[in-house]
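A.B. asks: Spelled out, the chains give:
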Amino acid sequence: MNPSSSNRPSGRTVVLAFVVAIAAALALVAVALIARSDSSTPPTENPVVDLGGIPQDGRVLGSPDAAVTLIEWADPQCPACRTYTEEFFPTVVDEYVRPGTVSTEFRGFPFIGDDSVKAYRFLLAAAEQDSLWDLAEAMYRNQGGENDGWVTDDLIRELATQIDGLDVDQLFADAEREDIVTEAEAAEAAGQAAGIPGTPTLLIEVGDDEPYVIQVATADQMRAALDDALDG
Amino acid sequence: MSDRTLRIAAAVVALAGLAVAGYLTWVHFDDTALVCIAGGGCETVQESAYAEIAGVPVAVLGLGAYAIVLGLVALDSPNARLGAAMIALVGLLFSMYLLALQLFVIDAVCVWCLANDVLIAPLLAVLTALRLRS
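Residue numbers (my numbering), protein chains in the order written: chain L, 98 to 329; chain F, 3 to 136.
Extracted from the complex, chain L is given alone in its bound form (with noise of 0.2 Å):
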């Protein structure tokens, strides 16, 4: 069909629709920068998970008999490691690493940006007290937009202090350690060197066996992996 020209929009219409068009993008663009605020998930109140009782030391979650452990490579502005966190840790937890079975470890690959980095240093800063994995249970329900600046002193200092046995003074000098500042600045070249494609990457470590990578994306899909290397 060839419409016929008499049908054809007028000049003025045209022009219309192009400025129709003009401030539509225009609209859309205003509108994606001001709900952008509100569309980045909000705040979990409450703990996903209760670490109470169970060991730490340093970045291991869980009993050093564990026969097998469970290594997380994350970033703490990962919004799939916050999925991670809030809807497959507490099975980790509560079925594996409470009981004794499984330990974790946290490994930290902070390549989103320098929020991540900045995030990193004070989770090791909590490994110092052997709370790293109570802060990033806290920093991944709080967890903001994505390099917007949301890992402020402030929100930590508010996270921390909430953290029994912590001790938040120690925690700030800690994170400005030479050490622990060299070693969150280099994190994200050592998790490239082994080869670790993205976050969260999870491995299971098997006594002194080489660990090999899950894929998981259902919490019984977790525990069959986990189930398996425990049978194995």
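None of these hints come from the bench; they were simulated from the model.
Here the structure is a predicted model, which is why all the values come from computation and not from measurement.
Ideal Cβ positions, reconstructed from N, Cα and C, are used throughout, including at glycine.
You can take every hint at face value.
Selected chain L positions facing chain F (Cβ under 10 Å, derived; list incomplete):
{"#": "1", "residue": "V111"}
{"#": "2", "residue": "F115"}
{"#": "3", "residue": "I119"}
{"#": "4", "residue": "L123"}
{"#": "5", "residue": "V126"}
{"#": "6", "residue": "V128"}
{"#": "7", "residue": "P176"}
{"#": "8", "residue": "N244"}
{"#": "9", "residue": "D245"}
{"#": "10", "residue": "P294"}
{"#": "11", "residue": "G295"}
{"#": "12", "residue": "P297"}
{"#": "13", "residue": "T298"}
{"#": "14", "residue": "Q312"}
Chain F regions said to be covered by chain L (calculated; three or more residues, Cβ under 8 Å):
{"#": "15", "stretch": "75-86"}
{"#": "16", "stretch": "93-103"}
Once you have looked at the hints, place chain F on chain L.
C.D. replies: What follows is chain F alone, placed relative to chain L:
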């Protein structure tokens, strides 16, 4: 180039755009893509705070826009041609904003989002050519 060829070209490009937007919609809602890729990737972009506008995934907006353009190309009246070209213009301008976000804010580039940017420009060109002929 004949009118019919231009309409077929517009439909093909719009279908390709529909497929890309469909894939991005699937990635947005699919939990199996639970990872932020180092060095950039669709999952990083799709998990970012910019992936939704007031709760509506950007990928769904693209899906809807391509579907409407396809419908208007099929309708093929002068007003439909004008409408399709204007939707493509809005899409192109918004894609430029999204591309700037990926490059300068999220610091990750989604290949499939780039594919969408590559498709929207020729779609606008073809639809504009169609509009000028009507």
